[in-house]
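J.: Given next are the chains, with one letter for each unit.
2 protein chains.
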Amino acid sequence: MIEPAYVAVDWGTSSFRLWLVDRAGQVLAERRSGEGMLAAAKTGFAAVLQAHLAAVEAPAHLPVLVCGMAGAKTGWIEAGYVDTPAPLAAILKQAARVPGEARDIRILPGIAQRDANAPDVMRGEETQLLGALGLDAAGEALVCMPGTHSKWVRVKDGTVERFSTFMTGELFSVVSRETILSLAIANADDAEDVVSFKTAVKAAYEAPAFAANLLFGVRARQLLFGGTPAAARETLSGTLIGTELAAGLSGALPAAGVTLIASGRLATLYRHAFDALSVTVQPIDADEAARCGLSMAAAAIWTK
Amino acid sequence: MIEPAYVAVDWGTSSFRLWLVDRAGQVLAERRSGEGMLAAAKTGFAAVLQAHLAAVEAPAHLPVLVCGMAGAKTGWIEAGYVDTPAPLAAILKQAARVPGEARDIRILPGIAQRDANAPDVMRGEETQLLGALGLDAAGEALVCMPGTHSKWVRVKDGTVERFSTFMTGELFSVVSRETILSLAIANADDAEDVVSFKTAVKAAYEAPAFAANLLFGVRARQLLFGGTPAAARETLSGTLIGTELAAGLSGALPAAGVTLIASGRLATLYRHAFDALSVTVQPIDADEAARCGLSMAAAAIWTK
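So the sequences go chain by chain: E and C.
Counting from 1, position 290 in the first sequence corresponds to residue 289 in numbering that gives the first Met the number 0; the numbering is continuous, with no gaps.
Counting from 1, position 287 in the second sequence corresponds to residue 286 in numbering that gives the first Met the number 0; the numbering is continuous, with no gaps.
Excised from the complex, chain E in its bound form:
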């Protein structure tokens, strides 16, 4: 039987993923749940983790490496930040050990940009960057990481130089649920409407200052011209993503295009968005990148 070498945990705001990994980096078992930082802050981080460790029959001595919001001030323990310019190699050297636990449990730090004109923070994405780009990738990359809080990151020769967070996903959530646009989107089916989406991406990319006007247009268009709730939803989504792309793509574009680290529905949406603007992307699966980054860090810490 293959012996497990460590446990890797991606512990986000609202999701929890755990992998039991052997010395060669192979996944022996996996767990996924909705017990993210918000839920675990109520029920207890140690209890949540222990239940999943028991479910995969992890030996008592097996070390655990965690990335993500579990290391936030409102998480389990505060794992601090590496400041920009942040070498990705510095991440795995500053893992914070959870005190009072017999098992060796460590949480990777985030990255902070302590620029008074552009303050920013990330937690979890630094591990995806590590997994996607590796420790010593030469050259420049512009990385787009879509999500509740999308990150756009400039990486040069293995160092995170600058990054910007956009509240795109959270804006989609509250605008679609809590504003007048909820009337336009109500009862939308799951039908894709790539044409409406791409049209909205282009319009917002070309006139990002008008984003709040293009949003109202979703409602006005339906009042004056009709249209399906699904088209309204895709137009809202395209408007917000197109505005984000106008900012994210405003600097120099590397020859290889944009490195897109995303999974599932978001990966599809952003590929459509970049396609609407004829921008080349290098797609990387976000789940895979997180697991890979945790494995690289765990290997450096425990199996060297």
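If you are wondering where the hints come from, they were derived from the structure by calculation, not from laboratory data.
Check each hint, because a few of them may be wrong.
The list treats identical chains as one, so a pair stands whether inside a single copy or across any two.
Dumping the calculated SDA-like pairs for lysine to any residue here, alpha-carbon to alpha-carbon at most 25 Å [to be verified]: (1) Lys72 with Ala185; (2) Lys201 with Ala229; (3) Lys197 with Asp156; (4) Lys72 with Leu182; (5) Lys197 with Arg30; (6) Lys92 with Gln281; (7) Lys41 with Gln221; (8) Lys201 with Ser249; (9) Lys155 with Gln281; (10) Lys41 with Asn186; (11) Lys92 with Ala111; (12) Lys72 with Glu177; (13) Lys41 with Ser13; (14) Lys72 with Ala229; (15) Lys92 with Leu222; (16) Lys72 with Asp103; (17) Lys92 with Thr147; (18) Lys201 with Gly250; (19) Lys201 with Asn116; (20) Lys92 with Leu223; (21) Lys197 with Ala89; (22) Lys41 with Ala185; (23) Lys92 with Thr12; (24) Lys201 with Leu248; (25) Lys72 with Gln49; (26) Lys72 with Ser175.
These numbers were taken from a predicted model, which means no experiment stands behind them.
Chain C: place on chain E using the hints.
T.: What follows is chain C alone, placed relative to chain E:
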């Protein structure tokens, strides 16, 4: 005793204002309440209006002129739209009479921009424009009307040529209450922070594509550098208003500057915002403009 000539009602989404007016346009009595369209749609428009008419002892024969969302599809009766380019004089000719009422009750139409690339609607603001600019104002005006759904209107020689609605006020409301920024703003006192506000207006005006990033910066700044909840709230407000101004001011600016139709706190905020950008404004009180527009329309309909 002075005889009343008509009743004027500004019936918005969430507010109701009524004035008893004499033949000379003087206000004899006034009522204000929160029984806007949303509330009246539940309790009955006729009953709400009748209660206020009784409170000001309006004679049974006295006609009533209404503007605003009471004329929407979801209002009392649908009062239709005048299409752009819309002469303000056309507004008062197309008032819709409420059927089944002994009293002569009419609702003014809104304005629709039936442009598939920039669909838009207004209801209520057309009456403020009438009151603020008059029927036959020569020349060009760029009008800013802040609110839940801010309107920017190009008027030329008494005709509404184009307009754009921005969801600025509604975005402020949902972002401050329902997103991660609620943590940054929680327990903010009412202290003004004009410096934070103006700084945010300028930053967003200069880089409107980065609006969703500047919003996240409100939270990141507090995490990394501290700062009061009031400063966070003013930065959020300035970011949204600065983005709106980047779009609204993107065309030609008339020599007289921007005509700002606003009341109370919003009037103060927008005057600070225009001041931050060194743009001249001609301020007009929005309440006064609505009453004046209704009076002009009522005089044309009933007392000519």
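J.: The structure should be examined with respect to each hint, and the outcome stated for every one.
T.: Checked hints:
1. Lys72 with Ala185: between (37 Å within a copy, 17 Å between copies)
2. Lys201 with Ala229: within (18 Å within a copy, 36 Å between copies)
3. Lys197 with Asp156: neither (33 Å within a copy, 38 Å between copies)
4. Lys72 with Leu182: Between copies only: 13 Å across chains, 37 Å inside a chain, cut-off 25 Å.
5. Lys197 with Arg30: neither (36 Å within a copy, 49 Å between copies)
6. Lys92 with Gln281: neither (28 Å within a copy, 60 Å between copies)
7. Lys41 with Gln221: Cα proximity of lysine 41 and glutamine 221: across copies only (24 Å, versus 42 Å in one copy).
8. Lys201 with Ser249: both (14 Å within a copy, 19 Å between copies)
9. Lys155 with Gln281: within (16 Å within a copy, 50 Å between copies)
10. Lys41 with Asn186: Answer is between; shortest inter-copy Cα gap is 22 Å, intra-copy 33 Å.
11. Lys92 with Ala111: within (16 Å within a copy, 61 Å between copies)
12. Lys72 with Glu177: Cα proximity of lysine 72 and glutamate 177: across copies only (20 Å, versus 28 Å in one copy).
13. Lys41 with Ser13: within (13 Å within a copy, 38 Å between copies)
14. Lys72 with Ala229: For lysine 72 and alanine 229, only the inter-copy Cα distance (22 Å) is at most 25 Å; the intra-copy one is 39 Å.
15. Lys92 with Leu222: between (57 Å within a copy, 23 Å between copies)
16. Lys72 with Asp103: within (20 Å within a copy, 64 Å between copies)
17. Lys92 with Thr147: Close neither inside one copy (28 Å) nor across copies (49 Å); limit 25 Å.
18. Lys201 with Gly250: Intra 18 Å, inter 20 Å, cutoff 25 Å: intra and inter.
19. Lys201 with Asn116: Answer is between: at 12 Å across copies they meet the 25 Å cutoff, but 28 Å inside does not.
20. Lys92 with Leu223: between (59 Å within a copy, 22 Å between copies)
21. Lys197 with Ala89: Close neither inside one copy (39 Å) nor across copies (38 Å); limit 25 Å.
22. Lys41 with Ala185: For lysine 41 and alanine 185, the Cα distance is within 25 Å only across copies (20 Å; inside one copy 32 Å).
23. Lys92 with Thr12: within (23 Å within a copy, 57 Å between copies)
24. Lys201 with Leu248: Classified as both: same-chain Cα gap 13 Å, cross-chain 21 Å, threshold 25 Å.
25. Lys72 with Gln49: within (21 Å within a copy, 56 Å between copies)
26. Lys72 with Ser175: between (30 Å within a copy, 21 Å between copies)
Checked against the numbered hints above, the structure breaks hints 3, 5, 6, 17, 21 and satisfies the rest.
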